[in-house]
Amino acid sequence: MLNKRHLPSITALQCFEAVTRHLSFTRAAEELNLTQSAVSKQVAQLEELLQHLLFRRVRRRLQMTPAGDLYLVEVRKILTQVEMSTHYLRSYGGETEVLRVSTPSTFGARWLVPRLKGWRLRHPSIHLDLCNEQEADDLLQGRSDLAFYFGQGSRPGTECLKLFGEELVPVCAPGSLPDKPFTDPTQLTDLVLLQNASRPQAWHDWFDSQGYQTEHSYHGPRFETFYMCIRAAQVGCGVALLPRFLVEEELADGKLVIPWQHAMPSSDAYYLAYPEHAAEVPKVRDFVKWMLEQIDSPND
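For what it's worth, our numbering labels the leading residue of the sequence shown as 1, then goes sequentially.
These are calculated hints, taken from the structure and not from any lab test. For glycine and all other residues, C-beta sits at the position ideal for the given N, C-alpha and C. Some hints here could point you the wrong way.
[Claimed, not checked] In silico BS3-like cross-links for lysine-lysine, where the CA-CA straight-line distance does not exceed 25 Å:
{"#": "1", "residue 1": "Lys162", "residue 2": "Lys283"}
{"#": "2", "residue 1": "Lys180", "residue 2": "Lys255"}
{"#": "3", "residue 1": "Lys289", "residue 2": "Lys117"}
{"#": "4", "residue 1": "Lys117", "residue 2": "Lys283"}
{"#": "5", "residue 1": "Lys162", "residue 2": "Lys255"}
{"#": "6", "residue 1": "Lys41", "residue 2": "Lys77"}
{"#": "7", "residue 1": "Lys162", "residue 2": "Lys117"}
[To be verified] Label-pair restraints from in silico Cβ distances:
{"#": "8", "residue 1": "His22", "residue 2": "Val281", "range": "47 to 53 Å"}
{"#": "9", "residue 1": "Pro124", "residue 2": "Gln45", "range": "45 to 51 Å"}
{"#": "10", "residue 1": "Arg122", "residue 2": "Ala44", "range": "54 to 60 Å"}
{"#": "11", "residue 1": "Gly211", "residue 2": "Met84", "range": "52 to 58 Å"}
Taking the hints into account, I'd like the entire structure generated from these sequences.
Written out as structure tokens, the structure is:
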């Protein structure tokens, strides 16, 4: 590993990035309010640290080397992140707390986000920071304060609050349906079964729950998220097997229809988890209370 002496300074990275845009040490120095020699020295030290030339002179003009091109991509990521983090912290007062919540992407967009309306008014000093579901140990490692997840109600070192179950239904675009109604569910395979990467067994279990088997249960294009499956079904790519609550809006609007009326309850459920030691942390307790109110709301 590189020790601190081997890590480049932010100033060195800023000098390098500025030179790449101007291809001139002089103009980069003017932008950064430094001397030309200071910028040149920073870049030279960076090249010595990396053991690669980042620029070369061709006919008295500055050009980037292949190593410089590669390094620039990473440097811009670093500088952008530093800038974002700085603005992020400056935007809050001393009384503001950040509550980090991880969630599966489609669940977060379809179910969670609509239920956050009004949160800011009730808890103006708690800023929500939502991200897509990460690793299972994010809670214990302190990368998230709370996590929504689908599965069984047990995660070591955490309190898991059951929210609700789900039932899976097949959905497709109205234009995908044939003229004659289906007489058995295996005929859905004629529409192309859209597969979800997180539920590879879903179609097999859905057919099996009705006493049917088909060799096509695992055949069809595979999508990473439920949202991709929803969109694929909407545009006529095939039939998707989805939690009903995620497509209530499309079903109500007629953008999607259920081609075979069989709903399969899932053995798993949706949970909200947080570390055991955080149960009495005010911001965590407030968010749990808010979610329970949303679950109990007659509008849900």
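Structure-based check of all given hints:
no.: 1; hint: Lys162 <-> Lys283; verdict: holds, 19 Å
no.: 2; hint: Lys180 <-> Lys255; verdict: holds, 20 Å
no.: 3; hint: Lys289 <-> Lys117; verdict: holds, 15 Å
no.: 4; hint: Lys117 <-> Lys283; verdict: holds, 17 Å
no.: 5; hint: Lys162 <-> Lys255; verdict: violated, 31 Å
no.: 6; hint: Lys41 <-> Lys77; verdict: holds, 23 Å
no.: 7; hint: Lys162 <-> Lys117; verdict: holds, 21 Å
no.: 8; hint: His22 <-> Val281: 47 to 53 Å; verdict: holds, 49 Å
no.: 9; hint: Pro124 <-> Gln45: 45 to 51 Å; verdict: holds, 46 Å
no.: 10; hint: Arg122 <-> Ala44: 54 to 60 Å; verdict: holds, 55 Å
no.: 11; hint: Gly211 <-> Met84: 52 to 58 Å; verdict: holds, 54 Å
When held up to the earlier numbered hints, the structure conflicts with hint 5 and nothing else.
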